[in-house]
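> Chains as they are written, first to last, in UniProt numbering: chain P, 1 to 151; chain E, 1 to 239.
Just so you know, these hints were derived from the structure itself, not from any lab. Cβ atoms here follow ideal geometry from the backbone N, Cα and C, with glycine treated the same way. Be aware that a few hints might be false.
[What the hints assert, rightly or not] To give an idea of the chain P side of the interface with chain E (calculated C-beta under 7 Å), a few residues:
| id | residue |
| --- | --- |
| 1 | Ala11 |
| 2 | Gly46 |
| 3 | Val47 |
| 4 | Pro49 |
| 5 | Phe108 |
| 6 | Pro130 |
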Amino acid sequence: MKAKNQRLTLALLALAAIVGAALLAASALRDQAAYFYTPADARRLGVEPGRSVRLGGMVEGGSIRRSPDGVTIAFTVTDGQATVPVSFRGIVPDLFKERSGVVAEGHFTPTGSFVADTILAKHDERYMPPQVAGAMHESDSLDTDAKVRAK
Amino acid sequence: MHAFANPARFLRIARPLTPWLGWSGALLVAVALGAGLTVTPPDYLQGESVRILYVHVPSAWLGMAGWSGIAVASLMQLVWRHPLAAIAARAVAAPGALFAAICLVTGSIWGRPTWGTWWEWDGRLTSMLVLFFLYLAYLALAAAEDDQGPGERRLSAIFGLTGAAILPVIHYSVLWWRSLHQRPSIGIKGSSIDGSILWPLPIALLGFTLLFAAIVLMRMRAALAHAKVEARLRRLAAA
Numbered sequence: 001m002k003a004k005n006q007r008l009t010l011a012l013l014a015l016a017a018i019v020g021a022a023l024l025a026a027s028a029l030r031d032q033a034a035y036f037y038t039p040a041d042a043r044r045l046g047v048e049p050g051r052s053v054r055l056g057g058m059v060e061g062g063s064i065r066r067s068p069d070g071v072t073i074a075f076t077v078t079d080g081q082a083t084v085p086v087s088f089r090g091i092v093p094d095l096f097k098e099r100s101g102v103v104a105e106g107h108f109t110p111t112g113s114f115v116a117d118t119i120l121a122k123h124d125e126r127y128m129p130p131q132v133a134g135a136m137h138e139s140d141s142l143d144t145d146a147k148v149r150a151k
Numbered sequence: 001m002h003a004f005a006n007p008a009r010f011l012r013i014a015r016p017l018t019p020w021l022g023w024s025g026a027l028l029v030a031v032a033l034g035a036g037l038t039v040t041p042p043d044y045l046q047g048e049s050v051r052i053l054y055v056h057v058p059s060a061w062l063g064m065a066g067w068s069g070i071a072v073a074s075l076m077q078l079v080w081r082h083p084l085a086a087i088a089a090r091a092v093a094a095p096g097a098l099f100a101a102i103c104l105v106t107g108s109i110w111g112r113p114t115w116g117t118w119w120e121w122d123g124r125l126t127s128m129l130v131l132f133f134l135y136l137a138y139l140a141l142a143a144a145e146d147d148q149g150p151g152e153r154r155l156s157a158i159f160g161l162t163g164a165a166i167l168p169v170i171h172y173s174v175l176w177w178r179s180l181h182q183r184p185s186i187g188i189k190g191s192s193i194d195g196s197i198l199w200p201l202p203i204a205l206l207g208f209t210l211l212f213a214a215i216v217l218m219r220m221r222a223a224l225a226h227a228k229v230e231a232r233l234r235r236l237a238a239a
């Protein structure tokens, strides 16, 4: 084997080994590196009350209740399999609304509800102008619900 | 590629190519950003902040394409001992780091009104930050190696090749792990961005890429000129 070919084989083997190692590490991190728990995860894994965690999912349609004090809200997060009632005191991002993605940082209470310290809105990969969104509104929300169920 | 093993031949092509790449890139970027600021409609949820897309996506692409370039050049240096490979990899590193930084900054500015946070330790954001740090480490390593005088410069090539392991992690971070960052909008099956918002994006991608190529060629020419000066000075000192 010529020296050049030997170097090529060596370099490619080394590259394959390193990428393989990175992929293995990444797949081992799969659960730990998840940015949030879904309601179904939280129920399955039994996240202990009081521990700081993030809870993510869809804000259930028609579930947002605003308290008379103006800064406290309550809503339900769903992933299609399980739901968790969430309460939050503070200012929510503009994109926080019903039937759209949300990530709440906070902790579970012993009764299984969630107290959030921070609310983040999750944006999905769809971008469109307002006119198109208006026309698609009906099929859009159905689509989202179907997606949640598929997950 | 070995046709360019001779720096004189490379320079004969690179010299006239640089202004063409630079000016056509600048023109395309101006068209795309102008259209992105004035012609395209706002998004139904994000509003006007969607326009940052036309800078954020090309800089993310160039941040990752830059390191792919470093990895390919490093491979050519290690395997074929291509004389221009180390110079090319060094020329890519600084603009690559710049675009990775632009990607992080624009993403952060977009994240504040959209997500409600400047920064979160989510898989996509963290892996992109790691790429930016890899660029800084590469620049420091390459500079330290060059300080030792002309030599093999093998260490930075090995680092450039191994660092490529971050690229699939960045790409798949939003698919493997549940993340705050959305999944890719554009794939082989088409795009989930409406056509009226999407169209300036390919123009911006091409424009920024041409601009990047022009910067790389300029930096390679500067490095070759610098090496020539050094060699001449050494000869003078020896005489």
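> Tell me if Ala11 (chain P) is really an interface residue toward chain E, meaning its C-beta lies closer than 7 Å to one of theirs.
holds, 5 Å
> Tell me if Gly46 (chain P) is really an interface residue toward chain E, meaning its C-beta lies closer than 7 Å to one of theirs.
violated, 18 Å
> Mind checking the CB of Pro130 (chain P) against every CB in chain E and telling me if the closest is under 7 Å?
Hint on Pro130 (chain P): holds, closest Cβ of chain E at ~5 Å, below 7 Å.
> Should the interface hint for Phe108 (chain P) be scored as holding, given a Cβ-Cβ cut-off of 7 Å against chain E?
violated, 18 Å
> Quick one, is the Pro49 (chain P) hint okay against chain E at 7 Å, beta carbons?
Since chain E brings no Cβ nearer than about 22 Å to Pro49 (chain P), farther than 7 Å, the hint is violated.
> Once the shortest beta carbon distance from Val47 (chain P) to chain E is found, is it less than 7 Å?
violated, 15 Å
The structure fails hints 2, 3, 4, 5 (numbered hints given earlier, in ascending order).
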